[in-house]
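Position chain Y relative to chain G; hints supplied.
Protein chains: 2
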Amino acid sequence: MRDINQFTVTQAVKDSFKTEPGSRFEQLLHGFIDHLHDFTREHSLTHEEWMGVLNFLYDCGQISTPERHEFILLSDVIGFSALVDMINTKGGATEGSNLGPFYLDNAPEKKLGADLADDRDGVSVLVFGKVTDSLHKPLAGAVVDTWQADGSGTYPIQEQDQGQDKYDLRGKFTCDDQGRYYYTTVLPKPYTVPYDGPVGDLLRAGNRHAWRTAHLHYIIRHPHMSAITTEIFFENTDYIDQDAVFGVRKSLIAKVRPLKGLDELGFELEKTPDAMCEFDFVLAPEG
Amino acid sequence: MRDINQFTVTQAVKDSFKTEPGSRFEQLLHGFIDHLHDFTREHSLTHEEWMGVLNFLYDCGQISTPERHEFILLSDVIGFSALVDMINTKGGATEGSNLGPFYLDNAPEKKLGADLADDRDGVSVLVFGKVTDSLHKPLAGAVVDTWQADGSGTYPIQEQDQGQDKYDLRGKFTCDDQGRYYYTTVLPKPYTVPYDGPVGDLLRAGNRHAWRTAHLHYIIRHPHMSAITTEIFFENTDYIDQDAVFGVRKSLIAKVRPLKGLDELGFELEKTPDAMCEFDFVLAPEG
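Top to bottom, those sequences are chains G and Y.
Per this note's numbering, residue 885 is the first one in the first sequence, and the count goes up by one each step.
Per this note's numbering, residue 885 is the first one in the second sequence, and the count goes up by one each step.
Isolated chain G, as found in the complex (with noise of 0.2 Å):
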């Protein structure tokens, strides 16, 4: 009969699923099971350990509701969605970054040069720059949707309860025949994750903050090519080093400056800002 023990045990549970040769589904679940065996193995996990773990995770599961997924909440503290995003990225576009938690599919559709602000406090600044293929060529019609907090680091959609529109500070913006977006908004302050649960705890327990670096979440999509979901920073505010989810790359980081050579640029605004930041994004073909 079969024998097992701490080593034989891994190839055990492997062969006990039977999975096609070769499947996506069987290099996952072999190479989930030989990490977590070794992982297991390398630090001889005890039992109190071992149940701390599913505790842990049982925790996670009883705080989480459908408006609270607080394993990708774990996932973002721990790198794991900013590696999926960075791996993902294609070759030429614009790197990914965390969608985050508060992306609403069907936000409005805004005219090129709308205001987004509704009078909110804060520094109103210009938005703008090309949605391009990777040999600059403008890609007209791509569409810009964008979400993000206002000047105090909230989300309009987390105070609903307060008369705020879910809708507001988010919309839509198809390219010019130049591939250009531009719209006015007020400039995102940094805010907190969730840390009154069990990924609270686990920062706590690492001594950590629970900051996000102020941004801006954009889908960018087009018809013929790859679509992409990232996040804009800005030079030098705070924790851009720190980012509580990874989520900033160099590649992704703007500059708000005064304005400059407004004129020129020919935008027909909706209202006056204080400040502009410029970003161009590049898309990848699908495939």
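By construction, these hints were calculated from the structure, which means they are not laboratory data.
Treat each hint with caution, since some may be false.
As the list makes no split between identical chains, a pair holds if one copy fits it or if it spans any two.
Calculated pairs, PhoX-like style, for lysine-lysine (alpha carbon to alpha carbon, straight line, at most 25 Å) [to be verified]:
{"#": "1", "residue 1": "Lys902", "residue 2": "Lys1134"}
{"#": "2", "residue 1": "Lys1134", "residue 2": "Lys898"}
{"#": "3", "residue 1": "Lys995", "residue 2": "Lys1056"}
{"#": "4", "residue 1": "Lys994", "residue 2": "Lys1050"}
{"#": "5", "residue 1": "Lys995", "residue 2": "Lys898"}
{"#": "6", "residue 1": "Lys902", "residue 2": "Lys995"}
{"#": "7", "residue 1": "Lys1021", "residue 2": "Lys1056"}
{"#": "8", "residue 1": "Lys994", "residue 2": "Lys1134"}
{"#": "9", "residue 1": "Lys974", "residue 2": "Lys1073"}
{"#": "10", "residue 1": "Lys902", "residue 2": "Lys1021"}
{"#": "11", "residue 1": "Lys1021", "residue 2": "Lys974"}
{"#": "12", "residue 1": "Lys1139", "residue 2": "Lys1021"}
{"#": "13", "residue 1": "Lys995", "residue 2": "Lys1155"}
{"#": "14", "residue 1": "Lys1073", "residue 2": "Lys1050"}
{"#": "15", "residue 1": "Lys974", "residue 2": "Lys1155"}
{"#": "16", "residue 1": "Lys994", "residue 2": "Lys898"}
{"#": "17", "residue 1": "Lys974", "residue 2": "Lys1056"}
{"#": "18", "residue 1": "Lys898", "residue 2": "Lys1050"}
{"#": "19", "residue 1": "Lys898", "residue 2": "Lys1056"}
{"#": "20", "residue 1": "Lys1021", "residue 2": "Lys1134"}
{"#": "21", "residue 1": "Lys1050", "residue 2": "Lys1139"}
If you're wondering where the values come from, they're calculated on a predicted model, not measured in any experiment.
Relative to chain G, chain Y alone:
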């Protein structure tokens, strides 16, 4: 500023946790992050696969209750529990095996020779043996805490709504001066682990069954020795080579045989059994 790419992110995540250098927490945290990130890179995990993993954990959390810990079940079916049991078996001691979900720490104390079966259907068996140290010295006063399924594969605790007493088919026996324990009970039958949740989906995806081979559960304690949690299995029974939770070890298999030499043992039994099954437990010193 810090630049993060798919290779540097791992160290950045480890550095973000300000752990005491060399602490157990640091070792486990760093080890886990290394393995998770290596797994992700080695298999170029896609966003869909990443989300699939996180939603699987979410679903495990949603079906879990204080009475049902889907993460322990997950740990069981991927051999994580078995591996921890084997790693923590002390040299010379009886091998450890699954605690399972049905243990109650306040089982009734029973006299040696008592019958646990209460006329339940099935094969009545005398279970007996010694508890010793690794030099065969009997451990008088050792406590044998046992619990089990009945002759149809069900724990009474699972059928309380049908009038069963959750303390049935369990008991604590104190070994005599020769370190002996003995009692009669019904031979347990195989049963399935719960397969109506996400772990059941995983088993089905891998064309696996959910059967545990028949077994008796034990925790053996003695004041000066390390307690062991283990199980006894039976030679030539169903699923002995395919136990769903990888609990079976060669060293934990007992033979059920016809009554022979019962008189010489000199046991005072409440009930005359159909068969007998001998198993000796060995404890290692504490620490």
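Cross-check of the supplied hints:
Taking the closest pair of Cα atoms, Lys902 and Lys1134 come within 25 Å of each other only across two copies (24 Å); inside a single copy the shortest separation is 44 Å, beyond that limit. For the homomeric pair Lys1134 and Lys898, the shortest alpha-carbon distance between copies (20 Å) is at most 25 Å, but the shortest distance inside one copy (41 Å) is not. In the homo-oligomer, the alpha carbons of Lys995 and Lys1056 lie at most 25 Å apart inside one protomer (8 Å), although the nearest pairing across protomers, at 76 Å, exceeds that limit. In this assembly of identical chains, Lys994 and Lys1050 lie within 25 Å of each other by CA distance solely inside one copy; the values are 15 Å within and 64 Å between copies.
Taking the shortest alpha-carbon separations for Lys995 and Lys898, neither the intra-copy value of 55 Å nor the inter-copy value of 44 Å comes in at or below 25 Å. In this assembly of identical chains, Lys902 and Lys995 lie within 25 Å of each other by CA distance neither inside one copy nor across copies; the values are 54 Å within and 47 Å between. Only within a single protomer do Lys1021 and Lys1056 lie at most 25 Å apart by alpha-carbon distance; the minimum there is 21 Å, versus 79 Å between protomers. In the homo-oligomer, the alpha carbons of Lys994 and Lys1134 never lie at most 25 Å apart, since the shortest distance is 29 Å inside one protomer and 70 Å across protomers.
In this homomeric assembly, Lys974 and Lys1073 never come within 25 Å of each other (Cα to Cα): the closest approach is 29 Å inside a single copy and 55 Å across copies. Taking CA atoms no more than 25 Å apart as the test, Lys902 paired with Lys1021 passes in neither setting, with 49 Å inside one copy and 46 Å between copies. Within a single copy, Lys1021 and Lys974 get their C-alpha atoms as close as 17 Å, which meets the 25 Å cut-off; across copies the closest is 67 Å, which misses it. For the identical chains of this complex, Lys1139 and Lys1021 are intra-copy neighbours only, at 23 Å inside a copy versus 77 Å across copies, given an alpha-carbon limit of 25 Å.
For the identical chains of this complex, Lys995 and Lys1155 are intra-copy neighbours only, at 13 Å inside a copy versus 88 Å across copies, given an alpha-carbon limit of 25 Å. In this homomeric assembly, Lys1073 and Lys1050 come within 25 Å of each other (Cα to Cα) only inside a single copy, at 18 Å, whereas the closest approach across copies is 57 Å. Within a single copy, Lys974 and Lys1155 get their C-alpha atoms no closer than 36 Å, and across copies no closer than 74 Å, so neither meets the 25 Å cut-off. In this homomeric assembly, Lys994 and Lys898 never come within 25 Å of each other (Cα to Cα): the closest approach is 52 Å inside a single copy and 42 Å across copies.
Only within a single protomer do Lys974 and Lys1056 lie at most 25 Å apart by alpha-carbon distance; the minimum there is 23 Å, versus 63 Å between protomers. For the homomeric pair Lys898 and Lys1050, neither the shortest alpha-carbon distance inside one copy (46 Å) nor that between copies (36 Å) is at most 25 Å. In this assembly of identical chains, the alpha carbons of Lys898 and Lys1056 never lie at most 25 Å apart, being 47 Å within a copy and 37 Å across copies at closest. Within a single copy, Lys1021 and Lys1134 get their C-alpha atoms as close as 23 Å, which meets the 25 Å cut-off; across copies the closest is 68 Å, which misses it.
In this assembly of identical chains, the alpha carbons of Lys1050 and Lys1139 never lie at most 25 Å apart, being 28 Å within a copy and 68 Å across copies at closest.
Checked against the numbered hints given earlier, the structure breaks hints 5, 6, 8, 9, 10, 15, 16, 18, 19 and 21 and satisfies all the rest.
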